[in-house]
Each structure stands twice: as C-alpha cells, then as structure tokens.
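Engineer: Listed below are the residues making up each chain.
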Amino acid sequence: MTEFLQQLVNGLEWGSIYALIALGYTMVYGVLRLINFAHGDVYMIGAMVSYYAARKLAAASISMGGLQFPILLALSMIACAALGALIERVAYRPLRKAPRLSVLITAIGVSLLLEYGGQLLFGADPKFFPELIPNAPLFTFDGVTINRIQCLILAISLLLMLVLRFVVMKTKVGKAMRAVSFSHTASQFVGIDVDRVITVTFLIGSSLAGAAGVLVALANPKIDPLMGIMPGLKAFVAAVLGGIGSIPGALLGGYLMGLAETFVVAYISSTYRDALAFVLLIAILLLRPSGLLGKAIKEKV
Amino acid sequence: MALAFLKRLRIPIAIGALLALNFVFKNYVNPYVTQIVCMIGINIIMATSLSLINGHTGQFSIGHAGFMAVGAYTSAAITVYGHNAVLSAFHFLPAELVQDIFFILAVMAGGLAASFAGLFVGIPALRLRGDYLAIATLGFGEIIRVVILNLDVIGGARGFGDIPEYANFFWIYLFALLTVVLISRMVYSVRGSAFLTIREDEIAAESIGIPTARYKTIAFCVGSFFAGIGGGLFAHLFTYLHTNSFTFLRSIEFVVMVVLGGMGSITGAILAAVVLTILPEALRAASEWRMVVYSLLLISMMLLRPQGLFGLKEWNPFNKAKKCS
Amino acid sequence: MLLEVENCSLSFGGVKALTAFGMALQEGELLGIIGPNGAGKTTLFNALTGVYQPDAGDLRLSGESLVGRSSHEINELGIARTFQNVRLFQNLTVEDNVLVGFHHQMKTSLIAAGLQLPASAKEEEDLRRKAIELLDLFGLSGRREELAKNLPYGDQRKLEIVRALATGPKLLLLDEPAAGMNATEKNDLVGLIRQVRDRFKLAVILIEHDMSVVMTLCPRLIVLDYGVVIATGTPEEIRKNPKVIEAYLGKA
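Chains as they are written, first to last, in my numbering: chain A, 1 to 301; chain B, 1 to 325; chain C, 1 to 252.
Any given hint could turn out to be false.
[Stated by the list, open to error] Straight line, CA to CA, 25 Å or less: simulated BS3-like cross-link-like pairs of lysine-lysine:
#1 A:222 x A:56
#2 A:97 x C:149
#3 A:56 x A:175
#4 A:56 x A:127
#5 A:170 x A:56
#6 C:122 x B:7
#7 A:295 x C:16
None of these hints come from the bench; they were simulated from the model.
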C-alpha cells in the first residue's frame, strides 16, 4: 500500500509537468486548430534559460537569499512567453489562411530549429542544473516520502493552474480566448482583436511550458537541447486524451498520463515507458478521438 | 513515324539504358557518388509513393518511414536467413540468376508486408481527419519502430547486419521507373481520379458514388507497398539496418519532398527527392548546421512558396495526356 | 412508386430539422420543395443521400430502404444531387469533373488502368465521348479543359448538374440550382431541366427560392416550415394558401 501511495505521489509530480505543458498545446489548438509541435521545445528553452541565468548569477556571486528560485522561474516564464509569441508572429500568423498541412510542417520546422539550433547554441552535451533547493524529504508518513521539490512542483503547478482558471473564466481576455476558440469570425464581429488574443494565448501557454521546464530541471538536473521531445509528445498525447481544446481536459489528461506512466514503470516494465504514450494515443484516437472531455463537431453540409 | 517505332520499343530501350548506366557507375564512378545516386533512386520511390497518399488523396500521413522499415526488415530477413537454402535448392541454375530472382522476390515480399502495415494503419485512419490523422500515422510509425527495436531476431538494438549487397543502380532505378510509371498511370486514369476527388471534396465524392473509404485504404496500401519496396532496396544497398534510419525525422524528410515538389505533382516529388538527397550531402561539411539549415529551409518554404515547386501541375514533355491535377 | 419517405424525423441536438416528414414521388415526376430559410429542405436532401441518418422513419427508393446506407451506396442505387454551396472538384478540369461521375459504372479496374491495358484505354475513350455529349447539352463542352474553379458561377452550377447526371441516376436532387443566375440563365435552366428529365427519364426534386423557376417547372409543390410540411399542391393552390403566405411573410 505504501508503495502504491508513493507511486501515486510520483505520478502526480510528473502529471503536473505534463499538465502544464498540455495546457499550452490545448489552448493553442483551441484558438488556432494548430498542433504546435514546437511547444515541447519551448519547455526545453525554459530549462536552458534558467540554467544560464543561474550560472550568471553564481558567477557574479549574486546571492538572492531564498529568492533565487522564484526569480529564475519568473525569468524563464517571461523568456518563454516572448519566444512563443515570436514564433506565432513569424511562423504561424502568415499561414493563418494556408492549408492545414502547411502549418503543421512549419510547426515541425520550428521544432527542429529549436532542437538543433539549441544543440548548436548550447552544445549537444547535457548540462547539470545547479541544486538550488536540496531535494530533502519534506513530509513522511507511513513510509511514503514527499520531497521538497515534489512539493514545490505540485504547489507551483496548482498555483499556476488556479491563476489560469481565473484568467480564462473571469477576465476579459479569458472570455475573448474562449470566444476565439469558438469562432474567429464571430469574435471579430463583436469587436475582438483575434490576433491579439492569439498572441496572448501563446504568451500564457508558452510561459507555462517554461515553468514546467524549470521545475523539471530542479527535479532532474540533467538537461539537454533534445529534452523537450519526449515530454512534449507525452503532453500532447495527454492533451488529446483529455480532449484537445479543452482546458480541464488538458489537466485531466496530464495527470492521467503522469499516473499511467509511473504505474506502468513501477508495476510492468520500464522499457515500455515511452511506448505507452504512443499506445495511449492510438487508443484514444480510435476509441474516442474527441478525448475524454471533448466534444465531437459535425461538419455542416 | 520514327517516334511511334521508338515508343513501341520503349521497354527494351529503358532496360538497355539502365544496364548501360549501371555499367558506367559500377566501373567508372566513385563509389560514394554511386551510393548517393542510388539513394536518390530510393528516395524517388519513397516520395512518389507518399505523393499518392498525401498529394493525390489528400491524406496526412507522416509515418511513411515506418512502412519503409517494414519492407526493409522483411526483405532483409528473407535474404539473410534464406539465401543459403535457396542457393542450394536451385544449385542447378546459374547462381547469379537465382540470386537476382530471389532478391526481386524478397523485395516484393517486403513491399507486401509493408502494404499489410498500410492496411493496418489505413483502416483505423478512416475515422480520422487532418491533424488527428497526421498524429495517428506518426504514432503508428513510431510503434513500428519500437516493435522492430525489440525484435532480436532482426538485430534489435544492435542493428541487423550482413545483408547481401544485391541492390545496385540497375535494380534501384528499374523499380523507381516502375513505381513512377505505375503510380502516375493510376492517378491520371479516370478510375484513379477517385483519389483526387477525396482530396478535393470528400462529401461531394461520396455523393457521386466514390467509395471514399475504400479508395483511402487503397491509397494507403499501394503507397505503403512501394515504400516497402524502397525499404527493401535500401536494406540491400547499405547491407546494414538500424531503426535509427527510420525515425520520425525520416518520415518528415519524405513529407518535405512531397510538399516541396508540390502536392499532387509526381514530377515535383521526383525533383524534390533529387534536391533533398543531394542537399544533406552537400552540407555534410558543416554537419551541425545541417539540421538547422534544413529546418530553416522547411519554414521558409512554407512561408514563401507553400504550394511547392510545381503546385498541382505535372511537367511531362512526352505525354500530352498528363494534365493539371 | 420511385421514392417513398415515411414519417422521417431528424434533429441536431435540440433543433428538430425534420419532423414526421412524409412524401411519395413517381418516376419522371418534377417536384418542388419550397419554404423559408432553415425550413429543413437541405436536411431532407442530406437524409435522402445518406449524409445524415434519420432519427426515425424510413426512406425508400424503388422499394429499397436507404436508411443506414452510405452516400456512395445511395448514389449507386440511383440518387444524385447538387449542393447548395457548389461542391465541384475545383482543381480538376470541367471534363474530369464529369468523367469521375461515371466512376461507379465503370467496368475496368484500377490495376488495369495502372498497367494501361487496352480494355481500360478503350473504356476511357468511350467515357470521354459520353462526357463531351453531356457537357454539350449544357453548353459547356467548349470549356472542358478549363479548371472548374475558373468557371463563372452560373456555369459552375450547371457543371454540378452535369456531374450528377454522369452518375446515371433515377432521381436527381437539385439544391437551389438557379441561385446566382440572371433571368436568361434561369430561363435556360428551366428548359434544360425539362430536357434532362425527358431524355434521361429521371424524376427531379428541386429546392428553390426563386418562385418563377419552381412554379414554372414543377406541377406539384411541397412547402416546408420548421421541418414540418405545411402545404402541398399545385403552384396555383400554394400561391393562394394562407398558411404558406404566413410562413413567408409572417402573420399580418
């Protein structure tokens, strides 16, 4: 039983990460009907930015007391937000009216650019993220241990998700996002600046991915330019699982994915860890393509 | 008059030309260059076969390397494990002849196995559209790769080696020619225009009696069949296989060829296959820049000329019947 | 009896597009269906051609039930249609749009085409001839090499009818064929539809908003409003029917 609970905690840890990344996928798909292949790589950039910033701070011998982590987190989130908005502006906006396959290919191109450009810029070898927060156990009960970092990940993810929910449900911009997800044309008719809403969507989604990158770097210090590929894919599957375009769906899918993965590794075999994502993907696409919380849309003839 | 006569003899002329070129490449050309030329031939097969699925039928298949892998490993397994038995069984015939026939049959078997994979992917894919279909094919491509990676009988993680080197310029370009001729004839026939209608407007296609599900499946099966053939030739050219050659990145390379050439243009796909086979070699000197240049090429192509080089047109000086779309 | 619709109902979520709709059509009849926008007319066509499946009721062509069949099966049984928003194969030529309509009547296979067997080549030649004949009827054969998307709107609508005819139907469903046409074109259209009906021995159901066209052409009309039949009869009867007037103009 303790083993089970422990795995549950571990599953929630990775579930939070997948959920944070999945939110970005789902929000962009909601407003643009685009699968932003480059999103997983934005997560990687988040980790990289905070890595280099941490090194710079250490080299300049600037100590921020306990504030080092929040500052790095904020920095990464801002940097990733900017990157996401830039990508949208340069690579996706010109193709707003283009056939779907073209945009998909462009997204793949951006993803490759970030990955291999990252290798060129940062070097292909893995870097080791400094230990900003010691990974000591914070709670222990009944043999189940929750580490500080796990706690931090869960707490920060929850916080970010609550903020997001507030933004989407209660603010004007959030309402605009929901309107644009429904229909670009109708939104324009009620005076919504669709371009700006889309930019905001990318800003928010990418910042969440950046946050996820920093959190993961804390927990698993070994980072490299290709680290975004698998988590990106898994988070995407999670978004589809929950129903792509649905924010609660992304959360549900993310946590399901994290839990499923953890349990498969713990109780079945670790070699099938990555394959699980593909199998889940095919299964959901065949059984319920609109996802657990999504709605099927009928084409008007 | 002379032209009609030549047209009658076009098959022997083609074979003669291929044999002659094969001789030239084998004896007078640098083996590195020959290998690249052979790779162009294989990529022509891959691009044309994908063009049928993506370009002409308008489906989003981005897992084509998976079908190539099935063909490669199947044909390699047949030749590696079977060639002794076959050679001794037919010892009364000249070894070269037996080898050639065995090779062709192994490659065809690879194609057939790949077309089964195509069926396996194509049928569930019928329920999906656009992006969802793309992701599903990507998933299937990866699943195929992971399955092969775990099959030790064909090498597993260490790769599959000692494949007899049966493929050469002649065989590769013979198959390439057959692929291009068969697929273009099919697509430009009245029967084959069904594929195009699926791309243009599925609901309208159904309303005029086109069984769209059946034709989509046929597109997947035929496309994957030829991809399997490409795979078989690939295996017997490089004599060593590893699943790293059949990743998602490889599938994307094929998609780029089809899109760069122009969706729905076979001649475009062929040209793009040539360019995109030579380009990485030309960039080999600056190998870290290779992928970066490649991705920039991808992005700028989509931004500047999304319809590709040829758009929806074909360029064929020999046959006026081949028209637009 | 060529077509029988019995008690057919179809809803989308909460919207009842068709309620207990029933009708009968003889071979060779020309029937018009009119009604305000959103009355369920195109939904009826979609139900008849298998694009949507009815929630209840039955649709029968020459006694065979159409429920549960796919669109292409229904076309093979003998119903062809045009669409409210023209759905031509834009990047195919005019000729190809018609040729592909012959598809399900073809005898040679795809493989035969791939190998360019003589039987396949001969069949294609015959089909090309038939296509040109059909296009001639509508005055489009001169433009047969042009891409469908480059045709003027009125010609596009005519081409859609030719394509539907190519499938060899017993029943032709025309969805607002006169939309976007001027007076002369409409006149021609009326003549063409009659010609087509006589020559190919078809029944035709016509959805139209243009009263001059539908009342000239159709000896019998059905009026739909909110998915329900509110009147049937001759053009004269319909013109005078108070319920019809109310549906179009609202209560006085």
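Engineer: If a hint holds in the structure, say so; if it doesn't, say that too.
Structural biologist: Results of checking the hints against the structure:
Restraint check: the Cα-Cα separation between residue 222 (chain A) and residue 56 (chain A) comes to about 18 Å, which is no more than 25 Å; the hinted pair holds. Distance restraint check for residue 97 (chain A) and residue 149 (chain C): the Cα-Cα separation of roughly 18 Å lies within the 25 Å cut-off, and the hinted pair is therefore satisfied. A distance of roughly 40 Å separates the Cα atoms of residue 56 (chain A) and residue 175 (chain A); the hinted pair therefore is violated under the 25 Å criterion. Of the pairs offered as hints, the one joining residue 56 (chain A) and residue 127 (chain A) holds, with about 14 Å between alpha carbons and a cut-off of 25 Å not exceeded.
For a cut-off of 25 Å, the pair hint linking residue 170 (chain A) to residue 56 (chain A) is broken: about 39 Å separates their Cα positions. For the proposed pair residue 122 (chain C) and residue 7 (chain B), the alpha carbon gap of about 19 Å is at most 25 Å, so the pair holds. A hinted pair counts as satisfied when its Cα atoms are at most 25 Å apart, and residue 295 (chain A) with residue 16 (chain C) qualifies at roughly 20 Å.
Hints 3 and 5 from the earlier list are contradicted by this structure; the remaining hints agree with it.
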